[in-house]
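S.K.: What follows is the residue order along each chain.
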Amino acid sequence: MGTASDKKLFDENGLRLDGRSPGDLRPIRIETDVLNRADGSAFIEWGGNKIQVAVYGPREAYPRHMQNINQAFVRARYNMAAFSVDERKRPGPDRRSMEISKVISEALQAAVMVELFPRAQIDVFIEVLQADAGTRIAGLTASAVALAAAGVPMRDLVVGCTAGKVDGKVVLDLSKEEDNFGQADLPVAVMPKSGKVVLMQMDGDLSIDEFNEATSMIFKATERINQIQRDALKKNYASTAQDWGE
Amino acid sequence: MSNVKQIVMPGDPVEVPNLKPRNGVYKCGDNKYCSQFFGILQESEQFVDVVPFTGKYVPRRNDKVIGKVIEIGPSMWIVDISSTYTTLLHMNDAPWRVTSGELKRYMNVGDYVYAKVLSINEIKESWITMKDVGLKKLEGGTLVSIPAPKVPRIIGKGGSMVNMIKDSTHTRIMVGQNGVIWLDGAPENVIVAIGAIRKVEEEAHTVGLTDRVKKYLEDKKGEIVGNSE
Chain A
0 MGTASDKKLF DENGLRLDGR SPGDLRPIRI ETDVLNRADG SAFIEWGGNK IQVAVYGPRE
60 AYPRHMQNIN QAFVRARYNM AAFSVDERKR PGPDRRSMEI SKVISEALQA AVMVELFPRA
120 QIDVFIEVLQ ADAGTRIAGL TASAVALAAA GVPMRDLVVG CTAGKVDGKV VLDLSKEEDN
180 FGQADLPVAV MPKSGKVVLM QMDGDLSIDE FNEATSMIFK ATERINQIQR DALKKNYAST
240 AQDWGE
Chain B
0 MSNVKQIVMP GDPVEVPNLK PRNGVYKCGD NKYCSQFFGI LQESEQFVDV VPFTGKYVPR
60 RNDKVIGKVI EIGPSMWIVD ISSTYTTLLH MNDAPWRVTS GELKRYMNVG DYVYAKVLSI
120 NEIKESWITM KDVGLKKLEG GTLVSIPAPK VPRIIGKGGS MVNMIKDSTH TRIMVGQNGV
180 IWLDGAPENV IVAIGAIRKV EEEAHTVGLT DRVKKYLEDK KGEIVGNSE
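Residue numbers (numbering that gives the first Met the number 0), protein chains in the order written: chain A, 0 to 245; chain B, 0 to 228.
Note that these hints are calculated values from the structure, not bench results. None of the values given here were measured: they were computed from a predicted structure. Do not rely on the hints blindly, as some may be mistaken.
27 Å max Cα-Cα, derived DSSO-like pairs, lysine-lysine [to be verified]:
#1 K4/B / K192/A
#2 K31/B / K192/A
#3 K198/B / K67/B
#4 K214/B / K156/B
All chains, full assembly: derive it from the sequences and hints.
M.R.: What follows is the structure, given as structure tokens:
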């Protein structure tokens, strides 16, 4: 982020390196129920990101002192595989992944009906297999799908998207190069039905006008991503219907 | 798609004219109800419910469940009923005269029980009892598990589905509300019965299921041993 570079991020037609216009998303594909042992699971491909999410629980919280008598807690664990980035990442939790785990946990906690499960915990394991900018938001989007597929009661799904500033222009859904050489990155997650924001972070600088432009782009994009989430969930159940020639 | 019921997602409004929302919904505004689950809309005479496709069993009083003993205390068996929380079976609720510290002589870790939910408190601690007709320690047989929300489909209206499977496969079947099912009979028959249960599990969200299971059982009739015909 913010690395000074003379790398050109737009071509003469105003298109980005991967041929997208400023308001375009990368292709997104979500699959559910990919793991048999987990209570719910999802796999997301978002541009070059490949992320696997597994949900376990709600189950009794351990260690015992973590139990809350009033509600469950959501414990997300964001982890990047050593081979997920160009240069080998030292495995294990680090400062960055612990921060992401925390913000994702809090975002999901807002959507899950934690008050129905006193003393319980809900585990969400987010494994990044291949990273290409925007993994926290892709992981969170897939986590919401995995939670719904696990039958966990929720107020709403959670859907995220990023926007940022590249070469002085506000663009949606940054790619790796744009993230590295751009001037700002703004990941936002919302609950699509109520429009409540559950996660917002900003790296770099945006003016108020740019910020407003970025957020309105994100809000519009989340509707599309939410539709992808819903289609992914429905897919498994619609195909059974077609099996008997309906 | 007419034979799949309407699918809803968490946060979707649940509005059916003349029907009151009941289970699986939460209040999301004045006189507005939204779904808690990813599941289907189930309409009955007065109410509309959201039935999730899967999820953990939520114990309710007087439910009959099948559980596994996972730990033994001085006066309680700790039983796993595939819910979020484990449950407790006190020695006084067992059908034997048990003295404290001697629980192992009656049931050991790994044994299965067919029991009734006695009570649940506000922090979701629950107790089960074996003091009622038909409740017992399970000996022999085979166990299969399905998601608890699909149990009503396995049982069917007034037990029609499970009775049909029982009659046509000549097996003994006990269905716990928590989704654990106990079967006993000739191995060939049990395999056919499990096949029928898996079919119900996969197609629980569709209508006209009884007819398809009936057809499945008729197709498999040749594999059943002990047919009187």
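S.K.: Hint numbers the structure violates, sorted upward?
M.R.: none
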